[in-house]
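J.: So you can see what is in the structure, the chains are spelled out below.
2 protein chains.
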Amino acid sequence: MAFKAQVLYDFTAEPGNVELTVKEGETITVTNANIGGGWIEAQNSRGETGLVPEDYIEYSNQFSGTAGTAAPPANVGNAAVPDLSFFDEFAPTSTSAPKQASNGNDPWSVWNSDPSRSSNNNWAPNAEGNQTGRNAAEPWSSGTHSHPQAYQGPGAEDDEWDDEWDEMKSTSGYSEPGEGGAIQRGGTHASSMKISLNKFPGFSKSGPELFLLCKQAAKGKEKISIYLGEVGPVWFYPEAQLDCIVADPKKGSKMYGLKSYIEYQITPNTTNRPVNHRYKHFDWLYERLLDKFGSAIPIPSLPDKQVTGRFEEEFIKMRMERLQGWMTRMCRHPVVSSSEVFQLFLSYKDEKDWKTGKRKAEKDETVGVMIFTTIEAEAPDLDLAEVEQKCEQFSRFTKAMDDGVKEILTVGNEHWKRCTGPLPKEYQRIGKAFQNLSSVFTSSGYQGEATLTDAMTAAGKTYEEIAQIVAEQPKKDLHFLMETNNEYKGLLGCFPDTIGVHKAAIDKVKEADKLVNTNKITAQDKVTMAKRASTMSYALQAEMNHFHSNRIYDYNRVMQQYLEEQVKFYETIAAKLRHAHSQFTTM
Amino acid sequence: MAFKAQVLYDFTAEPGNVELTVKEGETITVTNANIGGGWIEAQNSRGETGLVPEDYIEYSNQFSGTAGTAAPPANVGNAAVPDLSFFDEFAPTSTSAPKQASNGNDPWSVWNSDPSRSSNNNWAPNAEGNQTGRNAAEPWSSGTHSHPQAYQGPGAEDDEWDDEWDEMKSTSGYSEPGEGGAIQRGGTHASSMKISLNKFPGFSKSGPELFLLCKQAAKGKEKISIYLGEVGPVWFYPEAQLDCIVADPKKGSKMYGLKSYIEYQITPNTTNRPVNHRYKHFDWLYERLLDKFGSAIPIPSLPDKQVTGRFEEEFIKMRMERLQGWMTRMCRHPVVSSSEVFQLFLSYKDEKDWKTGKRKAEKDETVGVMIFTTIEAEAPDLDLAEVEQKCEQFSRFTKAMDDGVKEILTVGNEHWKRCTGPLPKEYQRIGKAFQNLSSVFTSSGYQGEATLTDAMTAAGKTYEEIAQIVAEQPKKDLHFLMETNNEYKGLLGCFPDTIGVHKAAIDKVKEADKLVNTNKITAQDKVTMAKRASTMSYALQAEMNHFHSNRIYDYNRVMQQYLEEQVKFYETIAAKLRHAHSQFTTM
Numbered sequence: 029m030a031f032k033a034q035v036l037y038d039f040t041a042e043p044g045n046v047e048l049t050v051k052e053g054e055t056i057t058v059t060n061a062n063i064g065g066g067w068i069e070a071q072n073s074r075g076e077t078g079l080v081p082e083d084y085i086e087y088s089n090q091f092s093g094t095a096g097t098a099a100p101p102a103n104v105g106n107a108a109v110p111d112l113s114f115f116d117e118f119a120p121t122s123t124s125a126p127k128q129a130s131n132g133n134d135p136w137s138v139w140n141s142d143p144s145r146s147s148n149n150n151w152a153p154n155a156e157g158n159q160t161g162r163n164a165a166e167p168w169s170s171g172t173h174s175h176p177q178a179y180q181g182p183g184a185e186d187d188e189w190d191d192e193w194d195e196m197k198s199t200s201g202y203s204e205p206g207e208g209g210a211i212q213r214g215g216t217h218a219s220s221m222k223i224s225l226n227k228f229p230g231f232s233k234s235g236p237e238l239f240l241l242c243k244q245a246a247k248g249k250e251k252i253s254i255y256l257g258e259v260g261p262v263w264f265y266p267e268a269q270l271d272c273i274v275a276d277p278k279k280g281s282k283m284y285g286l287k288s289y290i291e292y293q294i295t296p297n298t299t300n301r302p303v304n305h306r307y308k309h310f311d312w313l314y315e316r317l318l319d320k321f322g323s324a325i326p327i328p329s330l331p332d333k334q335v336t337g338r339f340e341e342e343f344i345k346m347r348m349e350r351l352q353g354w355m356t357r358m359c360r361h362p363v364v365s366s367s368e369v370f371q372l373f374l375s376y377k378d379e380k381d382w383k384t385g386k387r388k389a390e391k392d393e394t395v396g397v398m399i400f401t402t403i404e405a406e407a408p409d410l411d412l413a414e415v416e417q418k419c420e421q422f423s424r425f426t427k428a429m430d431d432g433v434k435e436i437l438t439v440g441n442e443h444w445k446r447c448t449g450p451l452p453k454e455y456q457r458i459g460k461a462f463q464n465l466s467s468v469f470t471s472s473g474y475q476g477e478a479t480l481t482d483a484m485t486a487a488g489k490t491y492e493e494i495a496q497i498v499a500e501q502p503k504k505d506l507h508f509l510m511e512t513n514n515e516y517k518g519l520l521g522c523f524p525d526t527i528g529v530h531k532a533a534i535d536k537v538k539e540a541d542k543l544v545n546t547n548k549i550t551a552q553d554k555v556t557m558a559k560r561a562s563t564m565s566y567a568l569q570a571e572m573n574h575f576h577s578n579r580i581y582d583y584n585r586v587m588q589q590y591l592e593e594q595v596k597f598y599e600t601i602a603a604k605l606r607h608a609h610s611q612f613t614t615m
Numbered sequence: 029m030a031f032k033a034q035v036l037y038d039f040t041a042e043p044g045n046v047e048l049t050v051k052e053g054e055t056i057t058v059t060n061a062n063i064g065g066g067w068i069e070a071q072n073s074r075g076e077t078g079l080v081p082e083d084y085i086e087y088s089n090q091f092s093g094t095a096g097t098a099a100p101p102a103n104v105g106n107a108a109v110p111d112l113s114f115f116d117e118f119a120p121t122s123t124s125a126p127k128q129a130s131n132g133n134d135p136w137s138v139w140n141s142d143p144s145r146s147s148n149n150n151w152a153p154n155a156e157g158n159q160t161g162r163n164a165a166e167p168w169s170s171g172t173h174s175h176p177q178a179y180q181g182p183g184a185e186d187d188e189w190d191d192e193w194d195e196m197k198s199t200s201g202y203s204e205p206g207e208g209g210a211i212q213r214g215g216t217h218a219s220s221m222k223i224s225l226n227k228f229p230g231f232s233k234s235g236p237e238l239f240l241l242c243k244q245a246a247k248g249k250e251k252i253s254i255y256l257g258e259v260g261p262v263w264f265y266p267e268a269q270l271d272c273i274v275a276d277p278k279k280g281s282k283m284y285g286l287k288s289y290i291e292y293q294i295t296p297n298t299t300n301r302p303v304n305h306r307y308k309h310f311d312w313l314y315e316r317l318l319d320k321f322g323s324a325i326p327i328p329s330l331p332d333k334q335v336t337g338r339f340e341e342e343f344i345k346m347r348m349e350r351l352q353g354w355m356t357r358m359c360r361h362p363v364v365s366s367s368e369v370f371q372l373f374l375s376y377k378d379e380k381d382w383k384t385g386k387r388k389a390e391k392d393e394t395v396g397v398m399i400f401t402t403i404e405a406e407a408p409d410l411d412l413a414e415v416e417q418k419c420e421q422f423s424r425f426t427k428a429m430d431d432g433v434k435e436i437l438t439v440g441n442e443h444w445k446r447c448t449g450p451l452p453k454e455y456q457r458i459g460k461a462f463q464n465l466s467s468v469f470t471s472s473g474y475q476g477e478a479t480l481t482d483a484m485t486a487a488g489k490t491y492e493e494i495a496q497i498v499a500e501q502p503k504k505d506l507h508f509l510m511e512t513n514n515e516y517k518g519l520l521g522c523f524p525d526t527i528g529v530h531k532a533a534i535d536k537v538k539e540a541d542k543l544v545n546t547n548k549i550t551a552q553d554k555v556t557m558a559k560r561a562s563t564m565s566y567a568l569q570a571e572m573n574h575f576h577s578n579r580i581y582d583y584n585r586v587m588q589q590y591l592e593e594q595v596k597f598y599e600t601i602a603a604k605l606r607h608a609h610s611q612f613t614t615m
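Protein chains in written order, with my numbering: chain A, 29 to 615; chain B, 29 to 615.
Among the clues, some could well be false.
Note: identical chains are not told apart, hence a pair may lie in one copy or across any two.
What the hints assert, rightly or not - Below 25 Å or equal to it, Euclidean Cα-Cα: the simulated SDA-like pairs (lysine to any residue) are:
(1) 453 / 431
(2) 453 / 588
(3) 345 / 295
(4) 418 / 477
(5) 345 / 476
(6) 380 / 412
(7) 418 / 304
(8) 345 / 541
(9) 427 / 476
(10) 51 / 38
(11) 559 / 353
(12) 391 / 372
(13) 279 / 310
(14) 489 / 392
(15) 489 / 475
(16) 282 / 77
(17) 251 / 262
(18) 391 / 34
(19) 380 / 31
(20) 460 / 439
(21) 445 / 464
(22) 345 / 306
(23) 308 / 460
(24) 418 / 430
(25) 460 / 430
(26) 282 / 379
(27) 504 / 544
(28) 249 / 360
(29) 388 / 304
(30) 559 / 304
Simulated from the structure, these hints should not be mistaken for lab results. Nothing here was measured: the structure is a model prediction, and the numbers come from that model.
For reference, chain A alone in the conformation it holds in the complex:
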């Protein structure tokens, strides 16, 4: 059965693909609504048939059925779809059915929330949480049409459907404006961690009492040590620094070529044996790390998932570079890098090993604030005032640094635009103007003209070369400066959550007397709480010291590289101009 539908946004088919180009406002006929993966097959008025993203169309009113009918669902416009993620257990299991676009809390959802539509239901338990909604309209629009990434819970079997668009999504906080090819920079990186709040029923950000008052869990082999180093409390650092190389992106495809994805090769320096992972696997790792360590350690978000293009080399390169940056940062973290799940990701032996490890990681219960149960600080207990003071100090610092980093990103972004846009254009025009005047001179018919005109033409060409050097320079220096600051912006955005857990703990400890007085807790509980808040403070201090030492390293490196490239830049231009100058004869 065919349905009429209205096209909501322009969609341009990828050449050589089975897609169909449609324009906003166009009426199309849906010839197959059961393609899956967020696609429908449609025919336009010229009889051309092809795939169109489901999100881009709205079924025409005359065909809209009521919720629960087999007909394609009516578009519910901007009506908010309640977040049903807490009701996973009520949703029917349908792992074999192709998943539809996950709409989560997305107000732009084309699906209503009727849970009876089981065949199209994406809230199935054990379904790996991948959003397939594609950003409509401009990829860097202010997000009106974007599908926010929402955490969707763990425990899924591998499901290779529907993640094509994940692969399509940009890692970029930059964009390329039409004119001048400037890359806009700055901050679409998620600015905060998404600490899982529903992993344990009743857990909430304001509830570090889970840890403060828990019976100390029977100690597993997990143990995170904190020592008093020269700079204060520090994590235990492994002797050999873990590192890995993310490389060799390969395009794979499924569904008879309809769906495609990119697989990266990750080679750790421990085994020196490459493993393959797709973006969705990185995402899975991120979620595990966030679950497990997020209360104690800021886990920066993965590179963003916005659409920039499809399998463009530039896009793949950029995402790989950022995945590399993310992995490097994780490798450098002594707690994260030595965790079982991270080791699994880097050095699983085979598919079976990976799947087993994956299931185990997803069942890990030492997550959320419970991570603090594994932390042992070899240091005297701190009193509440000290804990509070440290917490506030770090809060102030991270806020101030966040402002500083954002300032650099703003300024750098403007500079990037100028260096890639108007400035080289101007140098080019100067070059052209010299050459034009020189060619007029050549036409004078006056003898001995060549001594001037040859040199003048060369000078003009030099300015054209300078234009190109100027335009390409930001990629050589500003890029790295921007990337580093962008990374730090993401990292700093995680601190409020991490610090928030500590602040909540401090508040709880402050209540302790009252709780003892009202017999809610025992006097011993109060002592335990203070001791544990002290442990949390040591963890925060160790993390801050880790952050500081990395920060000093990173900024030293990035500043040096920036200045080095800037020196080269100015020297190159000076040399070119010196050569141009030498071509004039002294008169």
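Following the hints, complete the assembly by docking chain B onto the known chain A.
T.: Below, chain B without anything else, positioned relative to chain A:
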């Protein structure tokens, strides 16, 4: 008697002067309308009294008299004032009365044209043509309020009244926009010569027959020779190149300090004895040279006279620099530099010598096309086709070069604005951003921070220094490039007139057969015309060759200087950045 008046434009009194600051729209009381020199004395509502430019006020309607009454004249708004300069002989003589602002054809005149107002009449015969109208509103407005400079005829006695504003007027084709201190460049230089058309009754541009058909004037001592040099016809060049230095501008004043002017010291390399001249004297010289040589030699206009400010050092320096450029160009011209009037200007012995020479020059009758009577070309006569071909070739070349020069001015102007405006601001912001982040780092309390922060602060300061270097650079290189091109733009703007005289001559010669047939001229006249057209062509060729050789010299020099300064600029920045880089410790 006191009159009410409305203020038309804001006027800010010079501190320490007897002027009165008034605002547009303000009502003032004119307490003395007979100050003269384009000024009135007025009192504002706060009882303050001072001088206000007459042009800046409009007498209130209730007091406006009819034309010819003794009351202050009614403002005639935009009504065009007929140019009465041809009727000089009918205007009453009043050399002793202070001159009012000369309004010429200025539609913004506050004076009507009633010639009966003899006491305020500025069309007195023998009054040296100096306009005293002050530019209202913005000095670089598109000219709506400006008082166009108009040629006012020669033969004046020295009259030192009223030329204050001449001294005030800018030489600048540039302006300084409010933001960023950029100097706008490009093109208010007069783009054509003002060849005197009424010096000889009946002479007109289309009338080179004056020369073509005149009885060869009894040869005076004046003789301009053209030789056949390596490059073709060339002027006879004197062995020693005349040169002069314009320096040491001094402020003088008159009318009890109410009026002031600048006097420049000009020292020629021949006598090495300085003579003093005011701008009005340069202007007089320009008019003499234009009259005498303009038909054969393009005489570039003097630096413009627009108001930029009052006695600002910058303005005086700029005008002096341009007067120097103009004088240097005149000195370099073999015909101009050896002329009696030019020699007089550079090396008059005393006031009496100057006045005598001045009168003689003003009575010179070998002006206009008659200059060709003094030219002797030691070369075979050219036929009409050759003359025409040369003329067209030069016409094409000067047009093309004019376009090329204007392109450079346009591009250079934009570059100037960028280099003095947004670009240094951006470098400053980069510098500040580095320093701000560095100061946040300092607050971390983490030990060993100083190794990074000191270097980072230094890097930030380096970018602030670079900002300053960038902002000041255009004055070091672009300035000279712009000045030279601006000068050439002015010079090229004179060629159409010079070439026009030749074209008109060619047209006349083409008519010769017809004129012979209709007995308007004799066959001998026709031969004479052809011969004289040949002389004119040689003159044009000599002038073009002079132009070419100067052009090659000038552009060689300006390109070399530009590139040299550009090299220094990039090298200075590279060195600064290298130093900044060295302050980081390798980690």
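J.: Each hint needs a verdict: does it hold in this structure or not?
T.: We went through each hint and held it up to the structure:
no.	hint	in the structure
1	453 / 431	between (32 Å within a copy, 20 Å between copies)
2	453 / 588	between (29 Å within a copy, 23 Å between copies)
3	345 / 295	within (17 Å within a copy, 68 Å between copies)
4	418 / 477	between (76 Å within a copy, 18 Å between copies)
5	345 / 476	neither (53 Å within a copy, 36 Å between copies)
6	380 / 412	neither (48 Å within a copy, 100 Å between copies)
7	418 / 304	neither (41 Å within a copy, 77 Å between copies)
8	345 / 541	neither (57 Å within a copy, 81 Å between copies)
9	427 / 476	between (67 Å within a copy, 21 Å between copies)
10	51 / 38	within (4 Å within a copy, 57 Å between copies)
11	559 / 353	neither (36 Å within a copy, 85 Å between copies)
12	391 / 372	within (14 Å within a copy, 105 Å between copies)
13	279 / 310	within (16 Å within a copy, 78 Å between copies)
14	489 / 392	neither (65 Å within a copy, 51 Å between copies)
15	489 / 475	within (23 Å within a copy, 52 Å between copies)
16	282 / 77	within (21 Å within a copy, 91 Å between copies)
17	251 / 262	within (14 Å within a copy, 97 Å between copies)
18	391 / 34	neither (44 Å within a copy, 88 Å between copies)
19	380 / 31	neither (44 Å within a copy, 104 Å between copies)
20	460 / 439	between (30 Å within a copy, 10 Å between copies)
21	445 / 464	between (28 Å within a copy, 22 Å between copies)
22	345 / 306	within (14 Å within a copy, 69 Å between copies)
23	308 / 460	neither (50 Å within a copy, 40 Å between copies)
24	418 / 430	within (18 Å within a copy, 71 Å between copies)
25	460 / 430	between (44 Å within a copy, 15 Å between copies)
26	282 / 379	within (18 Å within a copy, 101 Å between copies)
27	504 / 544	neither (62 Å within a copy, 78 Å between copies)
28	249 / 360	within (22 Å within a copy, 95 Å between copies)
29	388 / 304	within (20 Å within a copy, 98 Å between copies)
30	559 / 304	neither (43 Å within a copy, 93 Å between copies)
In summary, the numbered hints that this structure violates are 5, 6, 7, 8, 11, 14, 18, 19, 23, 27 and 30.
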